[in-house]
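As given, the protein sequences belong to chains A and B, one line each in that order.
Read in my numbering, the first sequence has 83 at position 82, and its numbers run on one by one without any break.
Read in my numbering, the second sequence has 463 at position 462, and its numbers run on one by one without any break.
Do not take every clue at face value.
[As the list claims (entries may be wrong)] To give an idea of the chain A side of the interface with chain B (calculated C-beta under 7 Å), a few residues:
| # | residue |
| --- | --- |
| 1 | A27 |
| 2 | N30 |
| 3 | W31 |
| 4 | V37 |
[As the list claims (entries may be wrong)] Covered by chain B, according to a simulated footprint, are these stretches of chain A (three or more residues, beta-carbon under 8 Å):
| # | stretch |
| --- | --- |
| 5 | 7-13 |
| 6 | 39-46 |
| 7 | 87-97 |
| 8 | 164-173 |
Calculated from the structure, these hints are not laboratory results.
Quick reminder that beta carbons are idealized off the backbone N, C-alpha and C, glycines included.
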Amino acid sequence: MRGQLVLGSLREAASGQTGKAKPPRAAFNWEVENGVKELAPTRVVAQRELAVVLLGAGKAESPGQLTEIAVSGGALLPSTVVLRAGSTLRIRNDDEIGHELFAPGLDGLSAEATSPGSARSIHLTKPGSWPLLDRLASHARAHLHVLSDLAAVAKLEPNGSFSFSDVPAGKYTLKVFRGASELTSKEIEVTDKPLTLDPVTFTQDKSGS
Amino acid sequence: MLLSRFWYIFLAVVAGAAASAALLSLGVINRQAVEHLGDELARDRTELDAILRLEARARLDRIAFISVDSKLGGLLKQAAGIGDRAQLGKLSSETKDALNAHVSRLLEAAGGDKKQDDVKPDIAFAVDASGRIIAQLGPLEANPPGSSLATYPFIDRALKGYVRDDVIVYDRRVYRMASRPVLYGGEYVGAIAHGYRFDDAFTARMAQGLGGATVVFFYGRTTLASASPSGGPALAEVAAVLPDALASEKLKRGERSDPIALRAGGRAVYSLVVGSAAQADVGYAVARPLTLVSSPLAFFQGASREDVQALPLPLLGAAAFLLALIGLLFVYFERDRPYNVLRKKLQQVAAGERERLLVTEWRGAYRKLADAINQALDKSIERAAELAPAAKKKANLDEILGPTPESHVEPYFGFADAGQQPKAAGQRAEAAAKPGAPAAAAPKPAAATSTANGAPAAVPAAAAPKAGLKPPVPAPPGVKPAALAPAGVKPSPAPLPSSNDNSGETLDEAAHFREVYTQYLNVRKDCGESTEGLSFEKFELTLTKTRDQVLAKHPAKGVRFTVYVKEGKAALKAAPVKR
Numbered sequence: 002m003r004g005q006l007v008l009g010s011l012r013e014a015a016s017g018q019t020g021k022a023k024p025p026r027a028a029f030n031w032e033v034e035n036g037v038k039e040l041a042p043t044r045v046v047a048q049r050e051l052a053v054v055l056l057g058a059g060k061a062e063s064p065g066q067l068t069e070i071a072v073s074g075g076a077l078l079p080s081t082v083v084l085r086a087g088s089t090l091r092i093r094n095d096d097e098i099g100h101e102l103f104a105p106g107l108d109g110l111s112a113e114a115t116s117p118g119s120a121r122s123i124h125l126t127k128p129g130s131w132p133l134l135d136r137l138a139s140h141a142r143a144h145l146h147v148l149s150d151l152a153a154v155a156k157l158e159p160n161g162s163f164s165f166s167d168v169p170a171g172k173y174t175l176k177v178f179r180g181a182s183e184l185t186s187k188e189i190e191v192t193d194k195p196l197t198l199d200p201v202t203f204t205q206d207k208s209g210s
Numbered sequence: 002m003l004l005s006r007f008w009y010i011f012l013a014v015v016a017g018a019a020a021s022a023a024l025l026s027l028g029v030i031n032r033q034a035v036e037h038l039g040d041e042l043a044r045d046r047t048e049l050d051a052i053l054r055l056e057a058r059a060r061l062d063r064i065a066f067i068s069v070d071s072k073l074g075g076l077l078k079q080a081a082g083i084g085d086r087a088q089l090g091k092l093s094s095e096t097k098d099a100l101n102a103h104v105s106r107l108l109e110a111a112g113g114d115k116k117q118d119d120v121k122p123d124i125a126f127a128v129d130a131s132g133r134i135i136a137q138l139g140p141l142e143a144n145p146p147g148s149s150l151a152t153y154p155f156i157d158r159a160l161k162g163y164v165r166d167d168v169i170v171y172d173r174r175v176y177r178m179a180s181r182p183v184l185y186g187g188e189y190v191g192a193i194a195h196g197y198r199f200d201d202a203f204t205a206r207m208a209q210g211l212g213g214a215t216v217v218f219f220y221g222r223t224t225l226a227s228a229s230p231s232g233g234p235a236l237a238e239v240a241a242v243l244p245d246a247l248a249s250e251k252l253k254r255g256e257r258s259d260p261i262a263l264r265a266g267g268r269a270v271y272s273l274v275v276g277s278a279a280q281a282d283v284g285y286a287v288a289r290p291l292t293l294v295s296s297p298l299a300f301f302q303g304a305s306r307e308d309v310q311a312l313p314l315p316l317l318g319a320a321a322f323l324l325a326l327i328g329l330l331f332v333y334f335e336r337d338r339p340y341n342v343l344r345k346k347l348q349q350v351a352a353g354e355r356e357r358l359l360v361t362e363w364r365g366a367y368r369k370l371a372d373a374i375n376q377a378l379d380k381s382i383e384r385a386a387e388l389a390p391a392a393k394k395k396a397n398l399d400e401i402l403g404p405t406p407e408s409h410v411e412p413y414f415g416f417a418d419a420g421q422q423p424k425a426a427g428q429r430a431e432a433a434a435k436p437g438a439p440a441a442a443a444p445k446p447a448a449a450t451s452t453a454n455g456a457p458a459a460v461p462a463a464a465a466p467k468a469g470l471k472p473p474v475p476a477p478p479g480v481k482p483a484a485l486a487p488a489g490v491k492p493s494p495a496p497l498p499s500s501n502d503n504s505g506e507t508l509d510e511a512a513h514f515r516e517v518y519t520q521y522l523n524v525r526k527d528c529g530e531s532t533e534g535l536s537f538e539k540f541e542l543t544l545t546k547t548r549d550q551v552l553a554k555h556p557a558k559g560v561r562f563t564v565y566v567k568e569g570k571a572a573l574k575a576a577p578v579k580r
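Please model the complete structure; the sequences and the hints are all you need to start from.
And the structure:
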């Protein structure tokens, strides 16, 4: 039996907060408007920062599945990574400089050098949540969620829309993660027909990495 | 001496109090020095932050013209969305040329070779609207374009229109970045970023701006650059405690660390930089030497010329002079003056002007001293008297000559009563006093003799006395008459002139003096006395003076001298010759 398509969209609520963790000291001396042109809006790039997943007993991500993420522009893309326990994470370095990613508290992901163009992998068996940090690029921060009942991970578009493909009918919990934070959680039921969800609204206030 | 002693005690107390104050002040001064140094380092940290902030602002303004350059803007706009490597490479080359041209303009604007190093960037980026590197200068400029800086905050914010600075770690190097958006056609088409490394020259300028503090920039436990002015703590000292500083909770909270003691005694504070790199433990340390006063001497040595000039030297000098003057006055009144008086009095004693000191002329110790001197004088006189017979002294005729007869002349001629008899008596004189004695028949008196035990015997003063005259006084106890002297004892060779052989005769005074002189020398020798320095001229002079004194008191026609032995010593007796 073929699963159904589940569509949805994310809508960011207005907020003046950046939502990022406060660094030890101010990150700059000067951050002022250029005085020529108005500023571009600061928005969460959903594709880069968010993860929308379905949790439930229905369909499960295949065991041993390989998920690949990239280090690009000095940071992990996406910066929120959700995996099912038992899967493998492959981290590719697309930058021109080396990185040393590590996850404090997670065995097997210590700070080892990943030179430009190369990659490193880690097999994740234990459910949990860990920050991913880079010893060489201090601003590069991501978060890794390893869930035991992960059913599906949505594909995100730059405009915030997402889609799950081939979702078996059943009851699921839709969750939106941004970094370490769970922005929203919603119960959905997938039937034998495609499902379009109401827009999921989130704010940056609840986020953090 | 009382005032002097109290003055010494007072000065000792004052000196002790001053020394105590100096020692106490050491602790106070050192504690204040540590506190002051902590304050100074906190101020240094604030100032260094301000310097870095102003320097970042200056760089942001310096590169402002690049952000509105139409050529660069056009290239960045053109690069957006291009994924073809060849096309991107061509655009990258043109963009790099444009970037280099702007750097050249920056160098020209700065002018002077010295400033070129300050202006020429160690790294520079030109990124398109998505944050991809289109062109770059610096260590990685040979890399192909396309790598992204999009998530770096200084690029991310610049792409949104902010002018921003940051400190970043890029390819294991730390840069101070300044970024601006690039405007073209009324929209943001990318950003430029201009960066410097932390080098020693920059750090030296920072240290100079802080007035000579040691400044060290570090990245984790690695030092990036340092400047240690002369006298300041060395880099090794500051780096040695870096692990401790990095473990500081205050540092992790973004505050400065407490002052940390350095190996050589200085203090250092540590702080993370303002920027993203703070999360990678990029920061700086400011250190200064701690000068503690180790001793009061060092306290004085540490005084500056201004300190010395600030002293009320005339007042202090006057006070010191006054204290010294008071002490000198006490010393003068209580020591010098009584000492001088004592010395003069003693000189008078020595000169015979006074016999003793008058102890009431002094007080205190000098009175005791005067009393002691008096006692010493008495003792000396007594001792001299005791030692006089044994001593071989030069003859003093003034002492030897007996007192000049004042009223009774008879005794000196042997006519006075027994109590007035001179003790001088010779063996022959004694014998002459006895009727029928052999000496009586002798016309000449016997010479003086010595006793067997060395004690001189009395020298007969005259020949046998006339009838009716009192017999001669026998020799004093212990004095053996010459007749009884054992063999070998030489009698006085010259008989003394007798007073009874001058009847009607003219005295040959000169011959008498010579004769007495000879007898006197012989008796002295017999008595074991020295005759050294006893010339006839002196002898004659003394006899003449004595004769004159006798004649001045007695109506005599002359004076006859007799040699005799008195208490074991040769003696002379003067006797007037009746008219």
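Would you check whether V37 (chain A) satisfies its interface hint, that is, whether its CB is within less than 7 Å of any CB in chain B?
The hint holds - V37 (chain A) has a Cβ within 7 Å of chain B, the shortest such distance being about 6 Å.
Verify the interface restraint on N30 (chain A): the C-beta must sit less than 7 Å from at least one C-beta of chain B.
4 Å, holds
Can you tell me if the stretch 87-97 of chain A counts as covered by chain B, using C-beta to C-beta distances under 8 Å and a minimum of three residues?
holds (count 3)
When the nearest CB of chain B is found for A27 (chain A), is that gap smaller than 7 Å?
5 Å, holds
Just to make sure I understand the rule, a stretch counts as covered if three or more of its residues have a C-beta closer than 8 Å to a C-beta of the chain. Does the stretch 39-46 of chain A meet that for chain B?
holds (count 5)
Does the stretch 7-13 of chain A contain three or more residues whose Cβ lies closer than 8 Å to a Cβ of chain B?
With 0 residues close enough to chain B, the hint is violated.
Count the residues of the stretch 164-173 of chain A with a beta-carbon closer than 8 Å to any beta-carbon of chain B: does the count reach three?
It is violated: at least three residues are needed, and the stretch 164-173 of chain A offers just 0 whose Cβ sits closer than 8 Å to chain B.
Mind checking the CB of W31 (chain A) against every CB in chain B and telling me if the closest is under 7 Å?
With a minimum Cβ separation of about 5 Å from chain B (threshold 7 Å), the hint on W31 (chain A) holds.
The structure is inconsistent with the numbered hints 5, 8, although it conforms to all the rest.
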